[in-house]
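K.L.:
If you're matching them up, the sequences are chains A, B, C and D in order.
First residue of the first sequence: 42, per our numbering; consecutive thereafter.
First residue of the second sequence: 2, per our numbering; consecutive thereafter.
First residue of the third sequence: 7, per our numbering; consecutive thereafter.
First residue of the fourth sequence: 473, per our numbering; consecutive thereafter.
Any given hint could turn out to be false.
[As the list claims (entries may be wrong)] Simulated crosslink set (PhoX-like; lysine-lysine; CA at most 25 Å straight-line):
no. : chain 1 : residue 1 : chain 2 : residue 2
1   : C       : Lys33     : D       : Lys479
2   : C       : Lys33     : C       : Lys192
3   : D       : Lys479    : D       : Lys533
4   : C       : Lys33     : D       : Lys533
5   : A       : Lys178    : A       : Lys154
[To be verified] To give an idea of the chain C side of the interface with chain D (calculated C-beta under 7 Å), a few residues:
no. : residue
6   : Val44
7   : Ile56
8   : Gly60
9   : Val92
[As the list claims (entries may be wrong)] Chain A residues, not near chain B, derived (Cβ > 12 Å throughout):
no. : residue
10  : Asn145
11  : Gln155
12  : Asp172
13  : Asp173
14  : Ile175
15  : Thr176
16  : Asp186
17  : Ala188
18  : Arg227
Hints in this document: simulated from the structure, not taken from any laboratory.
For clarity, every value in this text was computed on a predicted model and none was experimentally measured.
Glycine included, every Cβ here is placed at the ideal spot set by N, Cα and C.
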Amino acid sequence: MRHWWFPESASSYAGDLDSLFYLILYITGAVFLVVEAGLLWFVIRYRRRPVAAAPGAAEPKAYYIEGSAAAEIIWTMIPAVLVVLVAVLSQGLWYHLKDGAPSNATPIGVMVKQFEWQFTMAGADGRLGTDDDITRKDHLTVQVDQAYQLELQSIDVIHSFFVPAFRLKQDAVPGMTTRAWFRATRIGEYEVACAELCGLGHYRMPARLVVLSAEDFTRWQAAEAPPPPPPGGGGGGSGQ
Amino acid sequence: MTASTPTAHGPAGHADHHAEPSFLRKYVFSTDHKVIAIQFLFYSLFFLLVGGALAMLIRWQLGFPGQPMPGAGVLGDDAAPGGVIAPKFYIGLVTMHATYMIFFAVMPLLVGTFANYLIPLKIGAPDMAFPRLNMWSFWLMIPAGVLALAGLVVEGGSAAAGWTAYAPLANSPDYTGVTGGQVLWCLSIAVFAASSLLGSVNYITTIINMRAPGMVWFRLPLSVWALFITAILAILAVPILAGAVIMLLFDQILHTHFYLPAVGGQPLLWQHLFWFFGHPEVYILILPAMGIVSEIIANGSRKPIFGYHTMVYAICGIAFLGWMVWGHHMFQSGMNPILGTSFMVSTVLIAVPTAIKVFNWMGTMWRGRLWLHTPMLNAIAFVAMFVIGGLSGIFMASTPVDMYIHDTYFIVAHIHYVLFGGSLFAIFAGIYFWFPKMFGRMMNERLGKLHFWTTFVAYNATFFPMHLLGIAGHMRRIYDPNAYQFLQPLQPLNTFISVSAFALFAAQLPFIVNFFWSLFRGRPAGMNPWRDNGLEWTVPSPPPHGNFAHTPRVLHGPYEFSHPDTVEDFLPQDQPLPARPGA
Amino acid sequence: MGADARPQFRMTHGRQVEYGLGVYSGKLGMWVFLCSEVMFFTALIGAYIILRWGSSQAWPDPTKVLNISLTAFNTFLLICSSVSMVKAYAAVSHGDQRGLRLWLLATVAGGAAFVGVQVYEYLHLIHAGVLPSGFREGGEIMEALTRAGLPTGGHELFGAAFFTMTGFHGFHVSCGVLCMIWVTVKAFRGHYTQAHHEGIEVIGLYWHFVDLVWIILFTIVYLF
Amino acid sequence: MTTVEKKHPPYMLVWLWLAALTIIEVWAAQAGLTRRILIPILILLAVWKAALVAIYFMHLKFEPRRFLLVVLAPLPLAVILVVAVLQEWGK
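Build the full structure now, drawing on both the sequences and the hints.
P.N.:
This is how it looks when you write it as structure tokens:
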């Protein structure tokens, strides 16, 4: 059954997001139970039963009432308070998700097109646009407990970068750069998906996201780093 | 107006002066709102069936990915080679299923059929204010529907960018692989917009200007209120869609660049315009359903609607707030977070008037004498299911939670709980309720209840598990979920949903049989089979051309059920309250 | 409740009608229709505003591409036809049939002339290389702007927005002219009387609305 | 019409105003003002002209007050749409 619920959470904010989800689930669940149980009760309790008395006798009538201001005020105020509560609780996390990238976050360039991802990971210098950048198709390797800032760009249509285990989703819109950030908290392998219909191959855009420990990550970085450019050969780094 | 009015005694006498109209005038190019309503009914039930059939193909692919569907070989090698649905065809199915259901089934049912049928009858008018425009509003739907259906058969396949047609995907065959289908889609939506416009002008004018004496605003039945507000939403929202679609069309055929970023166009402009229309559209699809349900719950409970005035204000409140929430479809589009917060607040606030309506319906049933006829069962199911759709909406309104469930099956579950569990149950309720008035014969109760219970069970078995899919991260609109490892364990759930969906489709058979059988063999209905108060029940079934022999005089509100002073437990709006014996 | 006494009823064509807003149905319907037209042009004009000012998008100077004097004259034509329309309405409401017919003819002429000038403008622009998809490379306009050292950035969006907005306005004027011809024919047949001339007022509303939209479009598209 | 003879406003005077305002507009656009001054002036003039047409030619001046509700309903929506979407790129 575990598979039919949230994927295991693996990012710093996934737990907060899940808690918010559960909070809303409890609130709405309570309302749900009250309404459905009430409807069921009314249907059973107040259904018209065949009258046993003589056929000519007048049937009893329903209770004539046109409304009740007090009742209506109550069931206006309760939902109002609840939803405002939800909004207030949501908004702190929202700014954290959208604007809360730590200043030391390492940048990752994401260039997406139909139907593949291209990730540009910073090398040992932690910056993009230098010679030690590592670019991989459909593959992203990150270090655990390190914050990353994604800079998403699309070449053709709108795609959406979705890592279920991180609870992270951000559209990549052609013509602009959108940003998202995450900090992985568990070592392991995760799947990146495209969440926005982007054409016929939309369903087959999985990419691998590997979270490594600090030592493994350094080792990986060293092994994967592109060979240094030949000395004096133009030094193409644009980020100098 | 000093016009020469030879017949001052009502339209029935007026009609007598004309010769019997030809068959073509009477049933085909008719300007009678009742005939037009019935035309809309058949039209949209046809599209409901087609849209449902497309959904079956979709569910086959999701339930049994990659396996040949029995009988699907007839679709040809482009669509389903060897009976296996192809990816391009699949996305076309997803697009056209939503397009048919929203624009050609549910909307014409609610604001074509019920608005046309009920507004003049319920307000005591002989017809619409502009009968000829009304006729045009139906006949424009024919080319719109033909254009929409043509997408399925043209070379290159149907539109395949989703019903939301997000730019720049929808802009170019390079992106979708679709050549003519996307252009046909745009044209069809543009013609649809024109039809909707003519209808809405009519409804607004009719309701404002043609109410019978005594039918003051706060004696209007809630269905008319809902349709009035809906028409206002449509008149202001649909032109935005028309403008946006025309720009999309020009991008496709004139090579303009409104939505193409290469030279400065804005893909997000499409989303803003589309959802500025799209969110009011959601209320266009639900408000009339709420109105219909209000009528039927009051009737089935034999009680006045609880808090009539509040119900009216709630409709207005939903419609008003509905204009300020479109951004909640775009939280993950890279929107400014401050803008996101304001959209979140306005969105959750809509829950308040919605909750009022739900609790007021429950208040109506409280201490009633529930007459559980088929319309009433469907209306109660509406409340029960709409609540689920409304509550799941709060998850999406919460911006952080939306970040996870956006574009997953949670959304699919939500929209179906609102649009099927909500609108469609209300539509069924409405059809069972007003069928006797439309055709003069009752629908079969036994078949009706069979239809209701099987639909209700199969419906929940189909759509409730979709919440779980969404929570597990299952994206929507994907052809084969097995392309992702984390979705593979969900396959049994997907198969279960598909089997339930087939059952749901099959459960409509009793309805179809009932509908056509009752059309010819149903028990004659009489004037007022449901013992209801609306003015439409004071005239014969079906009502004659011109509706009322004499303009009715409305003496009280529409929900005087079980009044202590009356003999019967209902009191039509043109009947006076008996004087209190003691007074 | 006791609200029975409030509404007033009048008889039209044998049915009782409550004039909910004190406006007869034809006029009310036309205004409701115009509301939707406002939203339609909001989509187009809004798109123009957003595309041009929503970002730091470059944009050609319209006064250097478009013929302002010609269009100013055209604006004047449309305003004149609006005036002739109200004069026609005033004439019929005073029972002046001759005035009605003459002013209607003047209105048709004004509208038709406006469409004619717009067609001329379009032909001229297309000839000079201004197309819905942008300025043609090597076209007259492109050359002229480059020679003068003026920026041409954003010309693709400029072309798209210009033709879409003015085109749809022109389409509305053309429909208006057709309706106006029909109304004029009816006027010559004596269809409108001092007591009955709602048709003139209703079509007039549409006509003035199209004029009003042009006033906005002219300012935003040609002068900004 | 049933009731009182309609009193017509001085249409020709309105026409003169419209013509004059158009001339001022065109002149202002070509006078080489800075955009910061020019744009508000042009907006003012356009709204002025539009208002003249709506009030006098479309007889809004003579309609019942509550009828204005119908007429003005779309305007706030138009403003909301454009302003909110401009926010989007205004960050």
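K.L.:
Can you name, in rising order, the numbers of the hints this structure does not satisfy?
P.N.:
Result: hint 11 breaks, nothing else.
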